[in-house]
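Top line first, the protein sequences correspond to chains A and B. Read in order, the letters of the first sequence are residues 1 to 197 in our numbering. Read in order, the letters of the second sequence are residues 1 to 197 in our numbering.
Please keep in mind that the hints were generated in silico from the structure rather than gathered at the bench. Glycine included, every Cβ here is placed at the ideal spot set by N, Cα and C. This list has only true hints and no planted wrong ones.
In silico negatives: residues of chain B with every beta carbon more than 12 angstroms from chain A:
| id | residue |
| --- | --- |
| 1 | D76 |
| 2 | H78 |
| 3 | T96 |
| 4 | R99 |
| 5 | G114 |
| 6 | G131 |
| 7 | E136 |
| 8 | A149 |
| 9 | H161 |
| 10 | G184 |
Here are some chain A residues pointing at chain B (derived, C-beta under 7 angstroms):
| id | residue |
| --- | --- |
| 11 | L4 |
| 12 | L5 |
| 13 | L8 |
| 14 | V14 |
| 15 | M26 |
| 16 | L31 |
| 17 | E34 |
| 18 | G37 |
| 19 | G38 |
| 20 | R40 |
| 21 | L41 |
| 22 | A46 |
| 23 | M49 |
| 24 | I52 |
| 25 | E63 |
| 26 | P86 |
2 protein chains.
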Amino acid sequence: MSSLLEQLIEALRVLPGVGAKSAQRMAYHLLERERAGGQRLAEVLAAAMERIGHCERCRDFSESPLCATCASPSRDAHLLCVVETPADRLAIEQATGYRGLYFVLQGRLSPLDGIGPRELGLDRLAARLAGGEVQELIVATNPTVEGEATAHYLAQLARQHGVRPSRPAHGVPLGGELEYVDRGTLSHAFGSRSEMV
Amino acid sequence: MSSLLEQLIEALRVLPGVGAKSAQRMAYHLLERERAGGQRLAEVLAAAMERIGHCERCRDFSESPLCATCASPSRDAHLLCVVETPADRLAIEQATGYRGLYFVLQGRLSPLDGIGPRELGLDRLAARLAGGEVQELIVATNPTVEGEATAHYLAQLARQHGVRPSRPAHGVPLGGELEYVDRGTLSHAFGSRSEMV
Ligand SMILES: [Zn+2]
Ligand SMILES: [Zn+2]
Numbered sequence: 001m002s003s004l005l006e007q008l009i010e011a012l013r014v015l016p017g018v019g020a021k022s023a024q025r026m027a028y029h030l031l032e033r034e035r036a037g038g039q040r041l042a043e044v045l046a047a048a049m050e051r052i053g054h055c056e057r058c059r060d061f062s063e064s065p066l067c068a069t070c071a072s073p074s075r076d077a078h079l080l081c082v083v084e085t086p087a088d089r090l091a092i093e094q095a096t097g098y099r100g101l102y103f104v105l106q107g108r109l110s111p112l113d114g115i116g117p118r119e120l121g122l123d124r125l126a127a128r129l130a131g132g133e134v135q136e137l138i139v140a141t142n143p144t145v146e147g148e149a150t151a152h153y154l155a156q157l158a159r160q161h162g163v164r165p166s167r168p169a170h171g172v173p174l175g176g177e178l179e180y181v182d183r184g185t186l187s188h189a190f191g192s193r194s195e196m197v
Numbered sequence: 001m002s003s004l005l006e007q008l009i010e011a012l013r014v015l016p017g018v019g020a021k022s023a024q025r026m027a028y029h030l031l032e033r034e035r036a037g038g039q040r041l042a043e044v045l046a047a048a049m050e051r052i053g054h055c056e057r058c059r060d061f062s063e064s065p066l067c068a069t070c071a072s073p074s075r076d077a078h079l080l081c082v083v084e085t086p087a088d089r090l091a092i093e094q095a096t097g098y099r100g101l102y103f104v105l106q107g108r109l110s111p112l113d114g115i116g117p118r119e120l121g122l123d124r125l126a127a128r129l130a131g132g133e134v135q136e137l138i139v140a141t142n143p144t145v146e147g148e149a150t151a152h153y154l155a156q157l158a159r160q161h162g163v164r165p166s167r168p169a170h171g172v173p174l175g176g177e178l179e180y181v182d183r184g185t186l187s188h189a190f191g192s193r194s195e196m197v
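Build out the structure end to end from the sequences listed, making use of the hints.
Okay, structure coming up:
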């Protein structure tokens with residue numbers, strides 16, 4: 001086996017869920033049938049790793065300082081939805097008719113892993129809540145133990161600034177991950193969110 | 001969602017078995033946790049798509065005109081093993097103690113798809129069999145209908161040049177693909193190969 005081929009198989013294993021056998025299958029597939037697609041992937045991947053950073057307002061992935069959603073004048077700035085990951089944000093955007101703004105934690109509170117309010121950018125979130133424009137904070141963290149603890153913390157933070165916290169309702173399976181919930185369920189849960197008490 | 005991110009998700013779908021959802025998961029994973037690995041993959045992938053061609057002797061993938069196996073003086077040139085794909089060749093190399101040489105068809109006879117002897121490089125194989133060095137042709141095509149038809153053709157070709165054709169024995173499941181056979185089975189099948197009659 002050529003050394004460059006071995007390097008390719010090894011490099012492909014950086015992808016999640018890709019072990020030695022499927023990395024090998026991917027490498028052979030590209031070499032046999034998808035040279036152009038492989039070249040294209042190499043170019044886009046290099047550009048993406050280099051140029052995609054975080055939106056300075058919502059912390060979602062973005063090529064520019066402000067992401068398209070934050071920069072849009074047609075979104076309702078009275079509604080702010082907090083999610084754990086960019087994938088959660090995308091799931092909500094695709095499944096629901098939500099027209100407010102987002103804040104992406106890029107994680108959840110996890111003191112044992114050294115992830116506190118600072119690591120999640122909650123100082124920036126607090127400043128935004130203090131700004132007076134946000135009226136409702138939709139806390140869409142995952143219904144896991146850490147996600148619930150994070151939600152509780154965020155609800156308190158909202159109330160401190162006179163902002164009403166709410167949480168998407170029934171439908172998201174307990175212990176599940178928002179990202180993998182079907183669209184219908186997620187849309188329903190989002191529509192019937194309840195105020196946190 | 002940023003346009004470059006959308007392009008990355010789309011480009012990842014060139015990989016086999018990767019749909020929209022897993023392409024998205026891969027993109028987020030790389031951006032969140034594997035920037036360096038993603039950069040490395042982009043570089044190796046570009047180099048591999050550009051520089052990996054085929055060995056002019058055995059048709060396996062190779063960066064150089066002659067692959068490492070064909071160039072090695074320690075392989076037994078009296079034994080020649082014919083396989084359908086580079087993955088089959090690798091499976092045999094890893095599972096068995098085979099020390100002969102290979103010939104990679106990069107396919108199998110399939111007249112309806114326009115794949116005949118010429119497309120599989122069988123003129124080159126015939127010239128090699130005529131050379132007099134090869135004593136046994138191990139026909140390790142897959143035990144599928146087309147693989148068996150190809151094996152039959154290759155056995156005839158071998159006999160025409162006074163070369164003994166053989167076929168790996170029991171153990172490879174009927175209708176299966178060599179690439180996915182466990183090592184023990186493949187090694188056994190290879191060791192107890194029988195002469196084709
Ligand atoms: Zn933003
Ligand atoms: Zn070779």
